[in-house]
Structure formats: C-alpha cells, structure tokens
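> Chains A and B, in that order, are what the protein sequence lines are. Quick note on the working numbering: the first sequence kicks off at 1 and runs consecutively. Quick note on the working numbering: the second sequence kicks off at 1 and runs consecutively.
Take these hints with a grain of salt, some might be off.
As the list claims (entries may be wrong) - Computed spacing ranges between beta-carbons, pair by pair:
(1) A:Ser281 to B:Pro231: 43 to 51 Å
(2) B:Arg431 to A:Gly201: 34 to 42 Å
(3) A:Ala274 to B:Pro381: 50 to 58 Å
What the hints contain is simulated information worked out from the structure, not anything from laboratory work. Ideal Cβ placement from N, Cα and C applies to all residues, glycine included.
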Amino acid sequence: MLELDLIAETERQFGICNACRYCEGFCAVFPAAEGRTAFGGGDVAYLANLCHDCRMCFDACPFTPPHEYAVNIPALLAAARAQTYERYAWPRALARLLRVPGASSATIAAVAFAVLLVLAIASSGAAAFLAPHTGPGAFYRIFSFGALLSGALLFSAFGIVAIVAGAMSFARDTGVPVRSAGALARAAHEALALVYLRGGGAGCYDAHRGSSSRRVLHGFVFWGFLAAFASTTAAAVEQDLLGIIPPFPLLSVPVVLGVLGGVAILAGAVGLIALKRRSDSEPVSHRMIVLDYAFLAVLALVALSGLLLLALRTTAAMPALLVAHLALLVALYATAPYGKFVHFVYRYLSLVKHAAESAPARAASTGGSHL
Amino acid sequence: MVPDVIVVGGGNAALTAAISARRAGAEVLLLERAPERMRGGNTRHTRDIRIAHDAPLDAAPGAYAVDEFFEDLLRVTGGETDRALAEIALRESAGVPAWMEAQGVRWQPALTGTLHLSRTNLFFLGGGKHVVNTYYDTAIRLGVRVRYDATVTALLAGGDRVVEGVMLDGGERIAGRAVVVAAGGFEANVGWLGEYWGEAAERFVIRGTPYNTGLALRALYDAGAKRVGDPRGFHSTACDARAPRFDGGIVTRIDSIPFGIVVNASGKRFYDEGEELWPKRYAIWGKLIAEQPGQTAAAIFDAQVAGRFIPSAFPPLRADSIGELATLLELDAAAVTATVAEYNAAIVPGGTFDPAVLDGCATRGLVPPKSHWALPIDTPPLFGYRLRAGITFTYLGVEVGTDARVVDEGGTPFENLYAAGECMAGNILSRGYLAGFGLTIGTVFGRIAGRNAARHARA
Numbered sequence: 001m002l003e004l005d006l007i008a009e010t011e012r013q014f015g016i017c018n019a020c021r022y023c024e025g026f027c028a029v030f031p032a033a034e035g036r037t038a039f040g041g042g043d044v045a046y047l048a049n050l051c052h053d054c055r056m057c058f059d060a061c062p063f064t065p066p067h068e069y070a071v072n073i074p075a076l077l078a079a080a081r082a083q084t085y086e087r088y089a090w091p092r093a094l095a096r097l098l099r100v101p102g103a104s105s106a107t108i109a110a111v112a113f114a115v116l117l118v119l120a121i122a123s124s125g126a127a128a129f130l131a132p133h134t135g136p137g138a139f140y141r142i143f144s145f146g147a148l149l150s151g152a153l154l155f156s157a158f159g160i161v162a163i164v165a166g167a168m169s170f171a172r173d174t175g176v177p178v179r180s181a182g183a184l185a186r187a188a189h190e191a192l193a194l195v196y197l198r199g200g201g202a203g204c205y206d207a208h209r210g211s212s213s214r215r216v217l218h219g220f221v222f223w224g225f226l227a228a229f230a231s232t233t234a235a236a237v238e239q240d241l242l243g244i245i246p247p248f249p250l251l252s253v254p255v256v257l258g259v260l261g262g263v264a265i266l267a268g269a270v271g272l273i274a275l276k277r278r279s280d281s282e283p284v285s286h287r288m289i290v291l292d293y294a295f296l297a298v299l300a301l302v303a304l305s306g307l308l309l310l311a312l313r314t315t316a317a318m319p320a321l322l323v324a325h326l327a328l329l330v331a332l333y334a335t336a337p338y339g340k341f342v343h344f345v346y347r348y349l350s351l352v353k354h355a356a357e358s359a360p361a362r363a364a365s366t367g368g369s370h371l
Numbered sequence: 001m002v003p004d005v006i007v008v009g010g011g012n013a014a015l016t017a018a019i020s021a022r023r024a025g026a027e028v029l030l031l032e033r034a035p036e037r038m039r040g041g042n043t044r045h046t047r048d049i050r051i052a053h054d055a056p057l058d059a060a061p062g063a064y065a066v067d068e069f070f071e072d073l074l075r076v077t078g079g080e081t082d083r084a085l086a087e088i089a090l091r092e093s094a095g096v097p098a099w100m101e102a103q104g105v106r107w108q109p110a111l112t113g114t115l116h117l118s119r120t121n122l123f124f125l126g127g128g129k130h131v132v133n134t135y136y137d138t139a140i141r142l143g144v145r146v147r148y149d150a151t152v153t154a155l156l157a158g159g160d161r162v163v164e165g166v167m168l169d170g171g172e173r174i175a176g177r178a179v180v181v182a183a184g185g186f187e188a189n190v191g192w193l194g195e196y197w198g199e200a201a202e203r204f205v206i207r208g209t210p211y212n213t214g215l216a217l218r219a220l221y222d223a224g225a226k227r228v229g230d231p232r233g234f235h236s237t238a239c240d241a242r243a244p245r246f247d248g249g250i251v252t253r254i255d256s257i258p259f260g261i262v263v264n265a266s267g268k269r270f271y272d273e274g275e276e277l278w279p280k281r282y283a284i285w286g287k288l289i290a291e292q293p294g295q296t297a298a299a300i301f302d303a304q305v306a307g308r309f310i311p312s313a314f315p316p317l318r319a320d321s322i323g324e325l326a327t328l329l330e331l332d333a334a335a336v337t338a339t340v341a342e343y344n345a346a347i348v349p350g351g352t353f354d355p356a357v358l359d360g361c362a363t364r365g366l367v368p369p370k371s372h373w374a375l376p377i378d379t380p381p382l383f384g385y386r387l388r389a390g391i392t393f394t395y396l397g398v399e400v401g402t403d404a405r406v407v408d409e410g411g412t413p414f415e416n417l418y419a420a421g422e423c424m425a426g427n428i429l430s431r432g433y434l435a436g437f438g439l440t441i442g443t444v445f446g447r448i449a450g451r452n453a454a455r456h457a458r459a
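Please build the complete structure, drawing on both the sequences and the hints.
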C-alpha cells in the first residue's frame with residue numbers, strides 16, 4: 001500500500017483536475033483519471049507510472065501554488081512513483097537502498113572496486129596488474145573469462161528475478177491486463193515512441209517551456225543502452241561461435257556498437273542531468289529526483305569508464321580501468337531493481353492498462369466548455 | 001528609453017496588443033499588475049475561443065458562418081450591440097486561429113479526452129494559462145519589455161484627448177507615445193460592485209483573478225472616456241459556496257441544477273431548473289442566486305442522477321434523508337422536506353428521463369414549474385451543494401471606435417489611447433453570454449489596438 005496521505009492528496013488534486021480537464025490533451029494521465037472519484041493504492045500507482053513527467057500540466061495549471069488549491073500533479077505523481085518503486089521492490093529488505101540512491105550506488109561501486117582490485121591482484125599478480133597487456137585474451141589475464149561470465153550471469157539473473165517479481169505484484173495490484181495482445185502492442189508503440197514526452201505537441205519540460213530535448217536525450221540513453229547490450233551479445237557470438245578472442249579490433253561489430261552505445265549513453269545521461277538541473281524545481285519530488293540523478297550518474301560513469309577502457313586498453317592503465325568499469329557495472333546492476341532503472345517496467349505496464357481501458361471510445365460529455 | 005506603446009494589462013487582449021505592436025515595429029512596454037506567477041488575468045481560466053469559419057478547421061468541424069455567429073450574438077444580447085464593432089469582431093475572428101498558431105499556440109487534438117470538439121469554438125491545448133505562457137514567451141522573445149507587479153492608477157494627460165503615459169500606484173510616471181488599456185473589468189473590486197449591489201456584493205464569489213479591480217478602467221473614466229454598458233451587469237454562474245473568494249476558476253461551478261431542484265434560504269424553490277438545456281441556461285443561475293435573500297441557495301439531487309454531470313472540485317454534502325441534508329445545508333429541515341414532497345407529488349408520471357434532450361419529464365401545477373428532467377428526489381443517499389453567485393466578468397466598459405481608439409464623453413476619439421478586451425467588450429456583448437466570445441473580442445481588438453498604436457507612435 002502506498003502512504004495514505006499520498007492517496008488522500010491524489011484524490012484531492014484529481015478532484016480538481018476532473019472538474020477542470022483543461023490538461024486532457026497533454027497525456028494519458030488526465031483521461032485515465034477522469035472516470036475515477038475514489039482512489040485506491042493501485043489507482044495511484046497506475047496514474048503515477050502512467051505519468052511521463054513532462055510537466056506541461058504544471059505549466060498550464062491555473063491552480064498551482066501560490067493558488068490555494070496548490071495543484072502540483074508532476075510533484076505528486078513523482079513522489080508516488082518513488083513510493084511504487086519501493087513498494088514493489090523485491091526483496092523488500094533491499095528496497096531501503098532507494099532511500100539514499102546516490103550513497104548506495106557509490107558504496108556498492110567502492111566496495112566492488114576494492115573487492116575486484118584484491119581479486120585481480122591476487123589472480124594476476126601485482127606486476128601484471130601494473131603492466132600493459134595486448135593481444136588476444138588481454139582482459140582475461142586480469143580476470144578469467146569464467147570469473148567474468150559467472151559474475152555477469154549472477155548479477156543479471158538476480159536483477160531479472162527481482163524486476164519480474166516487482167512487475168508481477170504491480171500488475172496484480174493495479175489490474176494490468178497482461179494477456180491483452182492489442183494493449184501490449186499499443187503500449188509498446190507508445191513506450192518506444194515516447195508519445196507522452198510530446199506533451200500533446202507542446203513538448204516536455206526544458207527551462208520553463210516545452211521542447212523535444214528530453215525526448216531526444218532519453219532516446220540517446222535508451223538506444224545507447226540497447227547498442228551496448230548488442231555489443232556484449234556480438235562479443236559473445238564472436239568469441240564463442242567464431243572463436244575470436246577479445247580485445248576485438250576497432251572496426252569490429254562489438255567495438256563499434258560499444259562505442260556508439262557508450263557515447264550515446266554518456267551524451268544522453270549528461271544531457272538529462274543538465275536538463276534536470278536547469279528545469280523548474282517546483283514540479284518535482286525530492287525522492288524521485290535523487291533517484292534520477294543517481295541512475296544517470298552511474299550510467300554516465302559506466303559509459304565513460306567503458307570508453308576510457310577502450311581508449312587505453314593497450315596501456316598499463318587497462319587493468320585498473322577494467323576493475324573500475326566492472327565495479328561501476330556491479331553498482332548499475334545491483335541497484336537496478338531498486339532505482340530509477342525500473343521506471344520502464346511500471347510505466348510500460350501502466351501504458352498497457354491504459355491501452356486496454358481506453359480501447360472503447362469513451363462517451364463524449366458536454367458542458368465543460370463554457371465558463 | 002520612451003516606449004512607443006505602453007500596454008496596460010497582462011491577459012489575452014494585452015498580450016495580443018503587445019505582440020501585434022511589437023511585430024509592427026514598435027518598442028513595447030507591457031505593465032502587468034499581477035506578480036509573474038499570477039499573470040494573465042482571467043485568460044488563465046479560459047479554455048476556448050469562438051471563431052467564424054466557412055470550412056472545417058483542424059480543431060473545429062463543420063462551418064460557422066459570420067451570419068450565424070451574428071444571429072447568436074443578437075439572440076444573447078437582445079439585439080443590443082454596436083453593429084460596426086460586432087461585424088469587425090466576427091469577420092476578423094476568421095483570421096485569429098492562424099495568428100494564434102504563429103505565436104505558438106496549439107489546439108486540443110481531435111478525438112482525445114472526453115471533450116467533443118465544438119463547431120463554433122476552438123479549444124486550446126492545455127487551456128488558457130498555457131496560451132498566456134506561450135504569449136509571454138513569444139512577446140519577450142520578440143523584445144516586448146514586461147514589468148510585473150506594475151499597477152497603473154492613472155493616465156497622464158498630454159493635451160486635448162492625448163495621453164503621454166501612465167502613472168503607477170507608487171507615483172512612478174512612465175511616458176509612452178501611445179497607450180493601450182487591456183486590463184479587464186472590475187469584478188474583483190467588491191467596493192465598486194457594492195456601489196450597484198449594496199452589501200450583496202460582499203457575498204459574491206469572484207471566479208477569476210483577484211487583480212481585476214478595475215483600476216485601469218477607472219483611470220480611463222478619470223481621463224474622460226465614455227462609459228458603455230450596464231454597471232450592474234455581470235456574467236455569473238452557480239458556484240459551490242466553499243469556493244475561494246477569488247480565483248476559484250471553473251472547478252467550483254455546479255452543474256447538478258437540471259438534475260434536481262434549487263431552494264433558497266427559506267427552503268423554497270424559486271426558478272424552473274429544467275427550463276432549457278443546461279448549456280443554454282447555466283449562465284442565468286448566478287444572477288438568479290444573486291437576487292435571492294442572502295445571495296445564497298442550495299442544489300439538491302439524489303442517487304439516481306449522481307455522476308450524470310461534470311463533477312466540481314469539492315464533493316457534495318451527503319445524507320440519508322432530506323431533513324438531514326437540509327440541516328447539513330444550513331436550511332430549515334421542515335421547509336425543505338415540504339418543498340421536496342410538494343415537488344415529488346407534482347411530477348407527471350410516465351416520462352422517460354433523458355438529460356441530452358428536452359425530455360418532457362415535467363411537473364404539473366407547481367409554481368415555479370420544472371419543465372424537464374423532473375425525477376422524484378427520493379433515492380438515498382441524497383446530495384446537496386450550498387450555492388453562491390460566482391461572477392466571471394463585468395460588462396461595464398468604455399466606448400471605442402472601429403480602430404480601437406477610446407472615445408471621450410463628447411463622442412470624439414482620443415488621439416493615442418486604445419482599449420481592448422473586457423474593458424471594451426460591452427460595446428459588443430452588452431449582456432448575456434457566448435462561450436469563448438470574450439477571447440474573440442480581446443484577440444481581434446487587441447490586434448487592432450496594437451497595430452494602430454504602433455502605427456500612431458511611429459508616424
């Protein structure tokens with residue numbers, strides 16, 4: 001259950017929105033809220049994750065503070081989103097990582113760095129750790145392939161289990177029709193096209209006015225992430241099926257994809273941090289914004305360390321950079337189920353529910369147009 | 001630097017005038033009385049604009065010919081309109097959508113939400129405040145200087161029917177070659193309303209900005225401008241008595257009235273709640289309540305019709321019996337129970353209730369009658385709202401010519417003083433209400449005033 005005061009506040013603010021409806025052209029949240037007068041925790045979780053935080057409603061609302069109605073839907077729903085991430089985190093005990101995401105990520109990265117450093121020196125020897133390595137299997141002189149693979153599988157498997165567990169309980173609580181193929185497809189389109197970062201045509205927050213910056217930057221991060229993932233997959237194919245042992249040449253599929261992905265993630269994440277820093281500080285929730293910053297910072301550092309590792313892979317800095325890159329990856333993977341990373345899971349499920357709900361054309365009503 | 005054009009006001013008409021003057025090459029200073037966060041006058045609360053069009057528009061299907069628009073205007077005003085000005089407003093409205101789009105305004109996309117697109121009115125994406133923000137962004141980008149918290153209290157005379165600037169409340173004098181006053185009506189000035197309504201004015205709700213106290217309108221009169229319009233006139237609706245005194249906006253309007261009955265402070269009905277379709281009648285209920293003892297009333301309905309109308313921001317009062325509900329509504333339980341019983345007994349049986357049409361479900365022998373949608377109020381839970389008259393805008397203004405120049409008491413136009421928006425809309429809409437028409441007048445005459453002021457100042 002979400003915190004009761006948040007549910008009451010959602011009911012109060014949407015009571016005003018439902019009597020006004022001026023924002024219904026911006027996104028899915030307002031049409032979705034229109035039929036609701038009483039809100040349960042599931043309704044709040046649904047609306048909160050349906051919101052893409054474009055903040056155009058805050059810009060357009062005549063009832064934002066200092067108006068006594070004090071309507072601030074983006075802040076309200078961001079706070080609710082941060083609560084849903086914690087509420088549906090699995091296992092719950094680890095959800096407290098969310099409370100201090102920056103410190104959690106930094107601590108995990110630091111501990112992972114220390115542990116990996118000790119392991120690397122223990123397995124390769126201090127002299128090898130401080131020397132340049134070239135030729136096939138250069139990375140495996142620091143960490144064996146088996147160790148790297150088992151570490152990656154362990155963290156990935158745990159992350160997937162944790163995220164799926166959260167998704168299942170979210171879908172159950174909010175009533176997402178997960179077997180509706182049409183709704184799944186429409187939601188996939190809306191998610192991939194970031195339809196709701198368009199603000200109904202007005203754009204998304206950027207220094208107090210709408211623009212397409214955030215949608216573009218988010219695209220960099222998302223497609224960069226997929227490119228990096230594809231790079232890893234291509235590397236596995238080259239090594240295990242084609243017998244080519246890394247490091248791969250610069251003009252190989254894994255390296256090209258990795259560079260494109262890394263640059264895109266770095267540019268997108270740094271751009272999003274800059275965008276958030278210069279945007280209005282009012283329509284935000286502190287809890288959500290620290291999750292945003294922590295996730296973007298870890299992503300940017302993973303990308304940066306990966307690019308540096310590539311650039312300096314023939315130098316004596318390689319082993320230390322490899323350890324740093326792996327430690328940051330550990331921080332990214334370990335915190336993924338407990339941070340901003342999960343946003344796409346709950347948002348996609350909410351889009352599925354909305355697609356199913358809005359499939360039959362809703363009855364037109366009249367009378368709201370006159371003042 | 002002395003600006004070519006000073007625009008007094010900060011809502012639709014003022015911004016339209018400022019942008020138009022700037023685009024015509026003038027140095028423009030816009031003086032908005034409100035702080036930045038509350039800028040935009042009553043435009044903040046608007047949602048749509050009435051536009052004549054001969055062919056379907058992206059945001060408005062069908063056609064709305066100037067002639068039909070004019071008939072609508074004659075109907076609501078009883079023919080009391082300045083025909084020359086009305087014709088300009090209606091004819092030039094056709095060019096307004098393209099102009100608005102050029103300033104960055106977007107329309108509500110078709111087929112989204114619950115809103116069915118209107119043939120006569122174009123709906124703004126995000127409503128009026130989003131338009132206001134877009135206009136400020138555009139104006140500032142074009143080089144219009146904007147000052148917030150700048151309250152104009154007087155026009156500086158510079159000779160016969162010539163102004164040479166304005167004075168702010170702190171005594172600061174600002175010179176300008178032409179002045180456009182577009183600062184709304186005086187509905188937020190309770191003392192001024194009291195001159196015509198006595199102490200009843202204390203009990204009105206003001207639905208719009210608290211900054212429309214009519215100081216600029218008063219300054220126009222002090223400078224010798226000719227009055228136009230009924231000083232007692234205002235557009236108003238039935239509002240929830242829990243509405244804030246000012247600025248409550250659209251969300252406190254009560255739309256339950258045709259679905260039930262309305263009683264006054266004595267627990268008696270006083271007007272036919274089912275006289276006409278609600279969109280044609282809701283605008284009379286503010287005035288009806290304003291004329292009741294104590295300027296108060298209560299709407300009552302039951303569970304049969306709950307959820308059939310657009311909700312308001314605050315949930316209705318709720319009880320299991322009429323007597324209990326009356327007590328919650330601070331009314332005499334016996335009187336209200338008797339009124340409801342009398343109403344229920346007068347309903348002609350056998351009708352088919354249909355809120356979309358004049359359904360003929362009526363009372364017989366009841367005074368006043370309820371002509372349509374008369375269902376017995378007998379299904380608990382019972383619901384009620386305490387009502388107040390909520391004023392949207394006043395009609396009193398100044399006379400202007402077709403070039404938007406203000407006319408003095410002798411009937412001669414000022415040389416360099418213009419008016420646009422609510423402070424001159426009474427020339428055209430002398431009474432009654434047409435949804436979205438205030439913005440039509442404000443935009444058409446804002447553009448005219450801005451262009452002409454720029455031309456005069458730079459001549």
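> Each hint should be assessed against the structure and marked as holding or not.
Hint check:
1. The hint said 43 to 51 Å for the Cβ distance between Ser281 of chain A and Pro231 of chain B, and at roughly 45 Å that hint holds.
2. For Arg431 of chain B and Gly201 of chain A, the hinted distance range of 34 to 42 Å is satisfied, since their beta carbons lie about 37 Å from each other.
3. The beta-carbon spacing between Ala274 of chain A and Pro381 of chain B, approximately 54 Å, falls within the hinted interval of 50 to 58 Å.
Going through the hint list in order, the structure satisfies each hint without exception.
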